[in-house]
Amino acid sequence: MDALIADTAKRIYADHADDTTALWQALEDNGLSRAWVPDELGGTGLELSDGFALIRQSAGEQASVPFAETLMAGYLLATAGAEMPDGQITIASSRQYSATEVPFADRADHVLRLQQNQIQLFKVENAQIISHVGSDPVATIDFAPLTPVSSHKAAAWLTPEIYQQLGAVIRTAQLCGTMQYQLELTLEHTSTREQFGRPLTKFQAIQHLLAEMAGELATSSAALEGAIQSFSLDAAPDAIAVACAKARASEAADIVSRHAHQAHGAIGYTGEYSLGRFSRRLWQWREDFGNEFYWGKQLGEQFSRTSSGGLTEDIFGEVNG
Amino acid sequence: MQQFNFPFVATNQEETQLRNEVRSFLKAELDSGGYQPSADCWMTAASPEFSEKLGTQGWLGMTWPKQYGGHERTTLDRLIVTEELLAAGAPVAAHWIADRQTGQQIINFGTEEQKQTLLPKMAAGKSFAAIGMSEPQAGSDLAAVRTKADKTATGWRLNGRKIWSTGAHLCDHMIVLARTSPAEGRNRQIGLSQFLVPLKTRGVEVSGIDDLSNHVHFNETLFEDVDLTEDALLGKEGNGWAQCMGELALERSGPERFLSTFILLEQALTVLRGKLDNQGLITLGQLIAKLRSLRIMSRGIARQLAQGIPSDTEAAMVKALGNAFEKEVVTATRRLLSTTPTNEWPAGLAALLDDAVLKLPANTLRGGTTEILRGIIARQLGMR
Ligand SMILES: Cc1cc2nc3c(=O)[nH]c(=O)nc-3n(C[C@H](O)[C@H](O)[C@H](O)COP(=O)(O)OP(=O)(O)OC[C@H]3O[C@@H](n4cnc5c(N)ncnc54)[C@H](O)[C@@H]3O)c2cc1C
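As you go down the protein sequences, you meet chains A and B in turn.
With the first letter of the first sequence counted as 1, position 157 gets the number 840 in this note's numbering; the numbers rise by one all the way through.
With the first letter of the second sequence counted as 1, position 23 gets the number 1237 in this note's numbering; the numbers rise by one all the way through.
Source of the hints: derived by calculation from the structure; they are not laboratory data.
As the structure is a computational prediction, the values presented were derived from the model and not from experiment.
Note that beta-carbon positions come from the ideal geometry of N, C-alpha and C, so glycine has one too.
Honestly, I wouldn't trust all of these hints.
Stated by the list, open to error - For lysine-lysine, the following DSBU-like pairs were computed, each having C-alpha atoms within a straight-line distance of at most 35 Å:
1. B:K1365 to B:K1329
2. A:K885 to B:K1340
3. B:K1340 to B:K1450
4. B:K1450 to B:K1335
5. B:K1340 to B:K1362
6. B:K1362 to A:K885
What the hints assert, rightly or not - Computed beta-carbon distance windows for the label pairs:
7. B:L1579 to A:S991: 33 to 39 Å
8. B:V1430 to A:S732: 47 to 53 Å
9. A:P882 to B:T1270: 54 to 60 Å
10. B:P1221 to A:G725: 29 to 35 Å
11. B:H1429 to A:P882: 42 to 48 Å
12. A:A700 to B:T1288: 45 to 51 Å
13. B:I1586 to A:G992: 47 to 53 Å
14. A:G993 to B:K1414: 39 to 45 Å
15. B:D1424 to A:S991: 37 to 43 Å
16. A:R988 to B:E1326: 38 to 44 Å
17. B:R1549 to A:G992: 21 to 27 Å
Said to hold, decoys possible - Over the 12 Å line for every Cβ pair with chain A, so calculated as not near, a few chain B residues:
18. P1279
19. R1371
20. T1415
21. E1419
22. N1492
23. Q1521
24. T1527
Please model the complete structure; the sequences and the hints are all you need to start from.
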């Protein structure tokens, strides 16, 4: 990512660590919440990869705001050539199980959903906060009595599957950002905490936990990059690259959070210490838009089609002749 | 925190062209009975004839200078060829080490004469090389090697014993890590040197060791008062440890660290297509997600190596993840096949599965154990 953008974002998060309203205002004022809205629609028109990097970075910050969701909303509205309203926008259908459990639905200014080829924006008053594995607030919405405040015809290629794929890659970027945070936090903790007269980092068992975490993070990041490279503002992404990314990172999230807690000991199990909040993000995001088993099944279907030439062709690329 | 770098490398048209060439060659070879696909082919399936054919195709020494019989192609081109050979389970073990590391080591450190006489033969698939690092007392703790070389009037005299050298019985040369001066206190990495030793020399005795499946593929090599010429010293006296680490980086960075069992999955799928239940589909899909991620990392390493960016830790990481994946493939394939009676399996599949199972214990040991690799990653993280 452009170092200037990254630094700007980092400074904003640091300056407004305790005040999400001021934080959001600063993100908006600096054009970051409109990263994926093109210039001509009043946005910042950043590269898609820059937006993904911002999303990844935001997932390693303490603040709980629908930044990723708002970026996704900007992307979706842009594909319909529609302008994006100010404020926070969250998106429906984020969970594989239910389209009505929506993070931040109780506080975001708008909720976006894709319904019959229409991108609809709602003002939601009836959201009911529910208890949830994640640490971000999640609320259920009853869409039945609601009429959209605006509705825009989606591009023909923007099917529900592609909506889900976009969400899956965004969650993958968040998973990577959170796993990186956990690795760094665990490294810091184990370097300072001493037992038996030496820092925990000196125990080989602890070293190996962290080495494994680093490997899971790196391989998830590689898969994420593959998926991001296949995105554009005006065409469907590579479904296989997306499926691999979400499947890999969701699986990694399990290992990384498990090892992070193991290396932390009891302090990591408290509500006050940040590790747990970040684990809860991982446990929510790994499910959102399909977990590793959901995407594994999609991939399995793709790669065991009877019409396929062979695994070599499928993995390394079809060639003619 | 220290980051690990795996730049994304997109595919291009020429790449597809090269893949196409290798694949047609392999298909023709397979159809004409030129080889039987096997698991772990790069380590255990040696066929000097097949290696020579690859040499003729220009697929050995691909990145080496043309003046030494190489082809001056990119690291990525080499990666494409090796991926295809591994995916097909082709018998590539004879030349694998020479092509992967020994040739490059000679390019970096050899004399002009060594380059001119040895490299063209290696690139032609007519001369093979072995790795002489491990010793009975020096495994993971490589700096504990006791083999030693003493200066003589005409060169060096080598004494000692190397063990586990893959394919040495087929090789003309071995790069031997030996002590040339005492360690300095606790620093045992000092005083080591590399030697390029012709194996058909008086005093050298190579004897095969049966592996677990009773095949001879690795060897013990005894060096008894072996007189070497001066130029057998590879690189600088006392620089052996650093050179050896460079060699290990080449040894660890390739796709053979995650594709050793791929052929098993490929062949199993011929009977499983269209028959997998949901659990089977999930199992298969999760393997695919891992494999694709490893490939992205592996291509990133190839790009970095081509740019001269050191990637040792990245290679250690891919090897650790890749070796675990190779084991997982075998377990998963057993699970996927478990509901299909063996009499419905295609010919050769049962043998291939047995083969993979028998070879599997070695993958997390050779080239540095998983524990050692994790130690390397932990060091990069600043923990040691
Ligand atoms: C099939 C095969 C082919 C090979 N080919 C070659 C070859 O061509 N040339 C060559 O030189 N060598 C070769 N080797 C040898 C290989 O490099 C060694 O097996 C490897 O380095 C491990 O050494 P070791 O077998 O002595 O095991 P050891 O070093 O004794 O290790 C045994 C166990 O202890 C663990 N251990 C050791 N030290 C530590 C530590 N510090 N911390 C934590 N755990 C530790 C290891 O991880 C392992 O689990 C080959 C090995 C195999 C299996």
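Against the structure, the hints:
no.: 1; hint: B:K1365 to B:K1329; result: holds, 23 Å
no.: 2; hint: A:K885 to B:K1340; result: violated, 48 Å
no.: 3; hint: B:K1340 to B:K1450; result: holds, 28 Å
no.: 4; hint: B:K1450 to B:K1335; result: holds, 24 Å
no.: 5; hint: B:K1340 to B:K1362; result: holds, 29 Å
no.: 6; hint: B:K1362 to A:K885; result: holds, 34 Å
no.: 7; hint: B:L1579 to A:S991: 33 to 39 Å; result: holds, 35 Å
no.: 8; hint: B:V1430 to A:S732: 47 to 53 Å; result: holds, 51 Å
no.: 9; hint: A:P882 to B:T1270: 54 to 60 Å; result: holds, 57 Å
no.: 10; hint: B:P1221 to A:G725: 29 to 35 Å; result: holds, 34 Å
no.: 11; hint: B:H1429 to A:P882: 42 to 48 Å; result: holds, 46 Å
no.: 12; hint: A:A700 to B:T1288: 45 to 51 Å; result: holds, 47 Å
no.: 13; hint: B:I1586 to A:G992: 47 to 53 Å; result: violated, 39 Å
no.: 14; hint: A:G993 to B:K1414: 39 to 45 Å; result: holds, 42 Å
no.: 15; hint: B:D1424 to A:S991: 37 to 43 Å; result: holds, 40 Å
no.: 16; hint: A:R988 to B:E1326: 38 to 44 Å; result: violated, 55 Å
no.: 17; hint: B:R1549 to A:G992: 21 to 27 Å; result: holds, 24 Å
no.: 18; hint: P1279; result: holds, 28 Å
no.: 19; hint: R1371; result: holds, 40 Å
no.: 20; hint: T1415; result: holds, 42 Å
no.: 21; hint: E1419; result: holds, 38 Å
no.: 22; hint: N1492; result: violated, 6 Å
no.: 23; hint: Q1521; result: holds, 18 Å
no.: 24; hint: T1527; result: violated, 9 Å
Violation of the numbered hints given earlier is confined to hints 2, 13, 16, 22 and 24; the remaining hints are satisfied by the structure.
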